[in-house]
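Please arrange chain S on chain A, whose structure you already have, making use of the hints.
Those protein sequence lines, which keep their order, are chains A and S.
The opening residue of the first sequence carries number 1 in our numbering; numbering runs sequentially from there.
The opening residue of the second sequence carries number 1 in our numbering; numbering runs sequentially from there.
If you are wondering where the hints come from, they were derived from the structure by calculation, not from laboratory data.
It cannot be assumed that every hint is accurate.
When chains are identical, the list treats them as one kind, so a pair holds in a single copy or across two.
Claimed, not checked - Derived BS3-like pairs (lysine-lysine); straight-line CA-CA distance at most 30 Å:
(1) Lys291 - Lys56
(2) Lys383 - Lys32
(3) Lys84 - Lys315
(4) Lys25 - Lys56
(5) Lys64 - Lys315
(6) Lys373 - Lys56
(7) Lys139 - Lys165
(8) Lys32 - Lys64
(9) Lys338 - Lys64
(10) Lys64 - Lys352
(11) Lys89 - Lys25
(12) Lys291 - Lys64
Note that this is a predicted model, so its numbers are computed, not measured.
Protein chains: 2
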Amino acid sequence: MKSTVARRMDGFSPFYVMELLQRAKELEAQGKEIIHMEIGEPDFPTPPCIVEAAMKYIQTAEVKYTAAAGLTELRSEISRFYQKKYQVKIDPRRIFITPGASGAFLLALGVSLNAEEELLMADPCYPCNHNFVRLMGGKAKFINVDGQTDYQLSAQLIQQNWSEKTKGVLIASPSNPTGTIISGQELERSIKQVSSLGGHFFSDEIYHGLVYGKKARSALEFSEDVFVINSFSKYFGMTGWRIGWVVVPENFIDAAERLAQTIFISTATHSQYAALAAFSDRNIAELEARKAEFELRRDFLYENLLRLGFEIAVKPEGAFYIYANCSRFTEDSFQFAKDLLEQQGLAVTPGKDFGNNRENCHIRFAYTASIAKITTGIERLEKFICQ
Amino acid sequence: MKSTVARRMDGFSPFYVMELLQRAKELEAQGKEIIHMEIGEPDFPTPPCIVEAAMKYIQTAEVKYTAAAGLTELRSEISRFYQKKYQVKIDPRRIFITPGASGAFLLALGVSLNAEEELLMADPCYPCNHNFVRLMGGKAKFINVDGQTDYQLSAQLIQQNWSEKTKGVLIASPSNPTGTIISGQELERSIKQVSSLGGHFFSDEIYHGLVYGKKARSALEFSEDVFVINSFSKYFGMTGWRIGWVVVPENFIDAAERLAQTIFISTATHSQYAALAAFSDRNIAELEARKAEFELRRDFLYENLLRLGFEIAVKPEGAFYIYANCSRFTEDSFQFAKDLLEQQGLAVTPGKDFGNNRENCHIRFAYTASIAKITTGIERLEKFICQ
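So that you can see chain A by itself, here it is in the shape it has in the complex (with noise of 0.2 Å):
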């Protein structure tokens, strides 16, 4: 009877879309086209400027571990960037390389969070957020929201919801599955809200670049006391090479060193290289023109999405996604999901990936594909929801 999974493996959500591309590339294999609109990675080749920096240092042949906490250079790269994006200044000894935003979570939630403890969160929310508390024997406990908050907490969601147990705030903005941003004040007033109730705050910032027509505010513009997750994934678009960083309070240093080596020993080197090359003017220039696409692409499909009777509670402002109520055509989203998919070669994701407020009611389309294809996505659309 010992031979069995571990316990904390019962609350672990899979990806439910995971049933969906299964599918799809069935289709794909007999020869249907499918128009992808589920995958949350942008759809840009690797940036050329990281591809050269990458081929320049595997050439040396020389990869080998660095420190656990990353390159020293890399690590004053991103201290660099604070300073010059949000005008706050992070001391690099702050700043830790993970792989990926996962290894963030992994480093930042394994130093400060006790088992039985719990940590609110905003729900819809991208689904590994609840999994990595679980994984550290903690609690998600999930707050419900809708378009009046943006889709975010509020100080007042935080005072309303903690008790004892609590031990800290996640926010993520730009949110996935909502693209929604918190604005500066009210993360502002969470941040001192947390801080005046003891806790722990986190800040979710991997959207941050991806970011139209306003600017997200960096939970460390407010405080040195919070954990700041963010990636070189997204505007970066450096997915597969799985770098990213956490940047934790000065007391947590020592600890997440210790657990960094052990996690880690450190992150893929090659990455670290490529990354260095990331926040050069050249490689920016790039980027913002990918950014400048993407918000093209959201203003397309937000209007089409709209028009075909789709209600979106909030023009989302940031990432790539927009989450729409499909409560219109049913109230059964993952199943027209799977009927979309296998009628109409469209793959989107269901609102059971993020969470249990509504998500039946709600499906996530992904812009991370070109407005060519989105264009066939719209009219496979509107084929399914006329007929």
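Just chain S, lined up with the frame of chain A:
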């Protein structure tokens, strides 16, 4: 009071050798030449086949996420490797690609170990092993081992130390720091013992391949119901690439899939494509030549340490370490290592990094340096102890 480091971190040992490494860097910055025999990383460059495969792949600029478990082709390659090397058939679905053996440990223990459960392991052993257990809320139960059992656990030791709380056993062979190997017979007996006690068996095989004059047996030769951790870092010479794998029992596949999605998303894609070249005949020929060089170094270092008066309970047969008893010279091996670095510029790892079993009278020497450098190291060591 809540804003404090999580309790699990109390028991997380650091790498004490880092203090020495730091000092070594300072001395090098002052122009001193340091001989490094503290580093658990092959000194050879990345094998040419790997570099070529990586360059070819990165040029495509399509470094996107893979499936969480890794590339199907790579999992199949590893399955073929088990067939060829150990004559066992492993379903590729049981093989998960991970960010190094560190990721493999996270995955194996994450899906199998509950909070409060104990894992038996040898002392001395690799320091991170008990940290992983602690991360899962479990407890490492250390069993002191010595030359009598080749510094390995045995079926008898397992039986003697098993309790109500024991969930399983970890065996690492070849062992870090001792380089010793468990015999096939004892490995089989131990697996049967654990199975009859209803526990899990974890086999750390990351130094397989680097075994001299004999062959290490895989736990997979004796049971399908074992977790086997392996890596491309040591034999395959891919440390900084951060890629390894774990083989899980059939009934853990689903949980491992869900956990991998959360904690990795996937392993660095360029490292996975590079690793596809690891099993080619040309690469294996290169690696076998390196292995022969490691064996020469082992013999050379072993003879010289004995000559100088170090005691070595068992001649190591694998990995690239010699764990030497230095009690003839000191009762504080950490201080000994510090003085040796300061006075002679030779860096070694203190026993303190590997547990609490007569650690103060042991030093680990790594032969991850050329014979020329080891020769200089020995000269310096001789001067130091004869002064």
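Here is what the structure says about each hint:
1. Lys291 - Lys56: both (27 Å within a copy, 28 Å between copies)
2. Lys383 - Lys32: within (17 Å within a copy, 74 Å between copies)
3. Lys84 - Lys315: This pair counts as within: shortest intra-copy Cα distance 28 Å, inter-copy 57 Å.
4. Lys25 - Lys56: Between copies, since 25 Å is at most 30 Å while 35 Å is not.
5. Lys64 - Lys315: between (46 Å within a copy, 28 Å between copies)
6. Lys373 - Lys56: between (34 Å within a copy, 29 Å between copies)
7. Lys139 - Lys165: Classified as both; 9 Å inside a copy, 24 Å across copies.
8. Lys32 - Lys64: Cα proximity of Lys32 and Lys64: across copies only (22 Å, versus 44 Å in one copy).
9. Lys338 - Lys64: between (45 Å within a copy, 25 Å between copies)
10. Lys64 - Lys352: between (42 Å within a copy, 24 Å between copies)
11. Lys89 - Lys25: between (47 Å within a copy, 27 Å between copies)
12. Lys291 - Lys64: For Lys291 and Lys64, only the inter-copy Cα distance (18 Å) is at most 30 Å; the intra-copy one is 34 Å.
In this structure, none of the earlier numbered hints is contradicted; all agree with it.
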